[in-house]
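So the protein lines, in turn, are chains A and B.
Residue numbers 1 to 679, in our numbering, belong to the letters of the first sequence in order.
Residue numbers 1 to 679, in our numbering, belong to the letters of the second sequence in order.
Calculated directly from the structure, the hints in this document are not laboratory data.
Don't be surprised by glycine CBs; every beta carbon is placed ideally from N, CA and C.
Heads up, a few of these hints could be off.
[As the list claims (entries may be wrong)] Simulated restraints, written as ranges between beta carbons of each label pair:
#1 B/Ala-155 <-> A/Lys-86: 49 to 59 Å
#2 A/Ala-139 <-> B/Ala-626: 12 to 22 Å
#3 A/Lys-376 <-> B/Thr-213: 43 to 53 Å
#4 B/Thr-213 <-> A/Leu-31: 54 to 64 Å
#5 B/Ala-178 <-> A/Phe-503: 41 to 51 Å
[To be verified] Derived contacts from chain A toward chain B, CB cut-off under 8 Å, selection only:
#6 Glu-167
#7 Leu-173
#8 Ser-199
#9 Pro-325
#10 Leu-328
#11 Glu-340
#12 Lys-622
#13 Ile-627
2 protein chains.
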Amino acid sequence: MSKDHLVIFTPSGKRGHFPTGTPVLTAARQLGVDLDSVCGGRGICSKCQITPSYGEFSKHGVTVAPDALTPWNAVEARYDDKRGLKKGRRLGCQATVQGDVVIDVPAESQVHKQVVRKRAEVRDIIMNPSTRLYYVEVAEPDMHDPSGDLERLTAALRRDWDLPHLEADLGVLTTLQAALRKGEWKVTVAIHLGDAVFSPRIISIWPGFYEGTIYGLAIDLGSTTIAGHLCDLQTGEVIASCGMMNPQIRFGEDLMSRVSYGMMNPTGAAEMTTAVRDGMNALFDQITGEAEIDRQLIVDAVFVCNPVMHHLFLGIDAYELGQAPFALATSDAISLRASELDLNLHPAARIYLLPCIAGHVGADAAAVALSEAPDKSEDLVLIVDVGTNAEILLGNREKVLACSSPTGPAFEGAQITNGQRAAPGAIEHVQIDPVTKLPRFQVIGSDLWSDEDGFDAAIAQTGISGICGSGIIEVIAEMRMAGILDGPGLIGSAEQTGSPNCFPDGRTHSYLLFDGTAHGGPKIAVTNTDVRQIQMAKAALYSGARLLMDKFGVDKVDRVVLAGAFGAHISPKHAMVLGMIPDVPLDKVTSAGNAAGTGARIALLNTDARREIETLVHKIHKVETAIEPRFQEHFVNASAIPNAVEPFPILNSIVHLPNAKFNSGGDRQGRRSRRARTG
Amino acid sequence: MSKDHLVIFTPSGKRGHFPTGTPVLTAARQLGVDLDSVCGGRGICSKCQITPSYGEFSKHGVTVAPDALTPWNAVEARYDDKRGLKKGRRLGCQATVQGDVVIDVPAESQVHKQVVRKRAEVRDIIMNPSTRLYYVEVAEPDMHDPSGDLERLTAALRRDWDLPHLEADLGVLTTLQAALRKGEWKVTVAIHLGDAVFSPRIISIWPGFYEGTIYGLAIDLGSTTIAGHLCDLQTGEVIASCGMMNPQIRFGEDLMSRVSYGMMNPTGAAEMTTAVRDGMNALFDQITGEAEIDRQLIVDAVFVCNPVMHHLFLGIDAYELGQAPFALATSDAISLRASELDLNLHPAARIYLLPCIAGHVGADAAAVALSEAPDKSEDLVLIVDVGTNAEILLGNREKVLACSSPTGPAFEGAQITNGQRAAPGAIEHVQIDPVTKLPRFQVIGSDLWSDEDGFDAAIAQTGISGICGSGIIEVIAEMRMAGILDGPGLIGSAEQTGSPNCFPDGRTHSYLLFDGTAHGGPKIAVTNTDVRQIQMAKAALYSGARLLMDKFGVDKVDRVVLAGAFGAHISPKHAMVLGMIPDVPLDKVTSAGNAAGTGARIALLNTDARREIETLVHKIHKVETAIEPRFQEHFVNASAIPNAVEPFPILNSIVHLPNAKFNSGGDRQGRRSRRARTG
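Bound-form chain A, shown alone:
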């Protein structure tokens, strides 16, 4: 006791007194300092690296002598020889305390290390994976006290790692005896630490010390695309990312056509289930191929998806989701074994699906909530995940509301005359000169504007093939700002607008963006029908958001987050000119990128986050737009550009929106007569 030394760990600040000869790892464990170890202090895994600091530390009131730790030993020397130990580093299990000492635990030596996210406003991910590796030395069998190999293995795990009662997967039982003997009673095991459904269990075993790692998958299963991130479950690092089209597309582009396919064909739902699971296995092939790893090393996978994808993936007919009251078969989070879904991963791999919020607001929206954490926001944040359906969240620390709104596929370039998916050759940015009222544009694949030198050469490969979703938003907003389009959404004639690019097109006018016909290319124009499609889509989006604001009892929000791949490419100014989103300062509109995918990754790397989102989803107040009378009213108002009744003062302080009105009732008459003709 008289020989106790003060040991201070940084950055935690945890401190305690320990007798001479205490290994640093032991001291760390006793103080609850987060210092990793897979081998349990046997100098094998090198996970417990620490950096001792020497000299005077007035802050801690301690002076660390050069001999405060034992000198570099043979185990450390061998490790350094074989793999190299960073300068100043020691192995925490080898260096023992000889005097007062200050010890820094570098980030990579922490179990619950932070995985840094790119954006500043969101919290980092703390590592707390479902499955961890443990190295252990097992007692040999003894005829005088017979017991099973498994029972001696679990006893060793209990003794060395303080683990609770452990089950073993059948795959472990069948390989256990060979592994123990090959490893001479030393093995590494992967243990799934358990959740609400599964008790803690050993799911994999390797003879001796396993030098590799184990992996997890974060999957964003969208109606159109499936995106997967392969993560190292020890470091949190993304090892590979892959995307592919959802093979269900052949059964219908949008969700409702897939629901219909299931209704019209007796085996339809089952076919779609098989298709998406086969697609998933193809994605696993691709991603493990890219990362050059064995798929048996993938032990955990987290899925986020909308409710229809969720049901079809699980093998549940999505019939009920196609009609009121849009009842989900289940809304809570789901834990399964990969084999139950015919997924070719480690046979005992776990599958976790985030909870759904409501029949139209799925696990993908829950993942966005997990990533963007509206429930932790001091200010009131509106989060919009823009896709075929828009999922909308509004909230702050006080409460969170959610709804979905059927925007349709117009924002993705579908149902637009010259619309196309975002791909090389698509017009993605547009500017219209307020004086000449002529357009210039940028095409995906080049940073040059169409009126800049070298543009033709730069796009020679791709050509100019159409307008993508962000392009159509920009051009319509630019048309509105340039006085080519009026508030109600009518394109003026060349005379009315002063733009030579306006031309009559049936009973309305269109606006020419690019005429490639001279060179055998397309003629790309915005028709008034295109404008109507975007008006419908943006009105659906805005009225959903507005409805949540009503329910929250507010008239404005503090900030707007655009999520979804599309959200990353939307220009906030143009979105606001269109009245897609409420009136906020432009610098308060940010993009979260694929927030659903990020949410999946958080849930993969930190199982506490699963409990967190399960709790949050139960607290989120769901609003069903279909049965809210005010939704229709908001929708009608939001059909105008930007809005028939709401003033948008911040927007009006930034841009000038001409007060043109090109129609005097003729359009409505015109449409009525068209209908009469075709009727």
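Since the structure of chain A is already known, use the hints to place chain B on it.
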């Protein structure tokens, strides 16, 4: 409060005061009286039948008026009309309390009813199955408060049945929505109530009230035969029983030859696993066919088997069990899903394997312990499960010891010159006249002795083909009593014994039992080699038992239980003449029949019994005969008939064992010279 009435339940004696109008079922539940109900008191299931008693009950100090319960109501009348209600019975959920009343709960209305066992000395089985049926009415979906169908189902189950958090099997998730709607939001579910591995979960769902039952299987997976009992999980009744040969027999008759097959052939272990699982599925076909039930209704199955069968069934190579230190891959009980073992039952059916006691003392021995409960015995009981290996248990309330002893297959008629399996035509009982020293015998298939009138006609169909296990024990014991065989195990000559049936056979003598050669039949005799085989087998058995007695610190036991199919046919007197079992009064030797199978059935019907045997197995002291020096000493002594050193006073008080000695060292010399010749 002033209107409270006294309600007394019999046989429990539980009593309480309840206001006018309280349903009897409600009163029972509040008092914790064991009164069944599947429908939760909705007058549908009729499980809550009770019998009110009227008149004066001085014992309870209460007089029950004729109107103590409400009159017979419409629900009861309808039920009586449709199915018939026993005289005096009421539905506990319909009859309400109107005055003081005494109510009897008949056995069949109890959840934890007793399943009566045939034998008097063993306790009854109390029903407490793994899986139960629950009827429930579920709230319809509400767009204003969206939630999943499953979540509303589990909420209803929590509300009506006070069940904990429930998971749902994937198979339930995929059928849930259709079942709820078809049943108009009324469904019956089967819930597996959970164990150490699985959390409570819904495994099956039926629209409306399901009038059927659910089933479980108790399987005794032996090296030679597989026996299965199909049980009703609500009543405990055995609905059908089936047996079949273990298809693994083609890989080797005994355990060690199968272990060798696995060692010699790279895919050997896997082939044997496939064979036994295929066989199991064939057994399921057979038993469900016989019972005419859908195999999807089998939701639980309990298996007992020896360690080698246990490992091969699970897909574990039994290699380690073939050599010291006989390490089991796992000894604890195992819970799995049927699908993990490719068993064709309900897809979510649970599989439970009892724990193994040691590398040579398997789950079958654990099942015997569960059935025969040595740990609950006041007196010291020796339990012997006689098969190819004998599993031996010795114990009382104080402690229980276990070992196994390699008896070999001689007791089953194998390796005996004229030995055969117990089948029609086999000699099963033998008597030798002490004066004439001539034998008479009984053959399986007839009750007549061979010297009785009509014997030839009775056995005309089968003939006389050989001696089965119990026959060989009887004939050798009879030979010993008649002075044809001496204590060391040598058959005397006709001159020495005075029996004309003794004849020279090589360098020793044989004893003729039956000569059918005149009619083209066999000549059935007992050779001295046969005697040696039985001596080896019985010495192994006895020395195992004696070793346990040493370890227990006793020289005698109070009673002996012979388990196993063979045990049922052994004559206690003859067994004791052979010195197979210790010296006890003959009426203290009983047969437990297939105690392993009974143990499986207990574990199937009462999940508490699973915890019980798991606990007991940990407490059982295992003795490994192979490393106990005294085993050899006991073995040598026990090679004599009955024993070279132990006096067997009780036996000697019943039978006279002649003190003949037919050898004067010649046999030993003879064998030595034979060896020299062949060497």
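Range hint 12 to 22 Å (beta carbons of A/Ala-139 and B/Ala-626) holds or violated: holds (20 Å)
Hinted contact A/Glu-167 with chain B - closest CB pair below 8 Å: holds (5 Å)
A/Leu-328 as an interface hint toward chain B, with CB separation required under 8 Å: holds (4 Å)
Distance restraint evaluation - B/Thr-213, A/Leu-31, Cβ atoms, bounds 54 to 64 Å: Distance hint for B/Thr-213, A/Leu-31 holds at roughly 58 Å.
Evaluation of the interface hint that places A/Pro-325 against chain B, nearest CB under 8 Å: holds (4 Å)
Evaluation of the interface hint that places A/Leu-173 against chain B, nearest CB under 8 Å: Cβ of A/Leu-173 sits 6 Å from chain B, so the hint holds.
Cut-off 8 Å, beta-carbon criterion: hint that A/Glu-340 touches chain B: A/Glu-340 check passes; min Cβ-Cβ to chain B is 5 Å, inside 8 Å.
Cβ distance range 41 to 51 Å for B/Ala-178 and A/Phe-503, holds or violated: violated (55 Å)
Verdict for B/Ala-155, A/Lys-86 (Cβ pair) under range 49 to 59 Å: holds (55 Å)
A/Lys-376 paired with B/Thr-213, Cβ distance criterion 43 to 53 Å: holds (52 Å)
Interface restraint verdict for A/Ser-199 against chain B (beta-carbon cut-off 8 Å): Nearest chain B Cβ about 6 Å off; hint holds.
Hint check: 8 Å Cβ-Cβ cutoff, A/Lys-622 to chain B: Since the shortest Cβ distance to chain B is 5 Å, the answer is holds.
Going through the hint list in order, the structure does not satisfy hint 5, though it satisfies all others.
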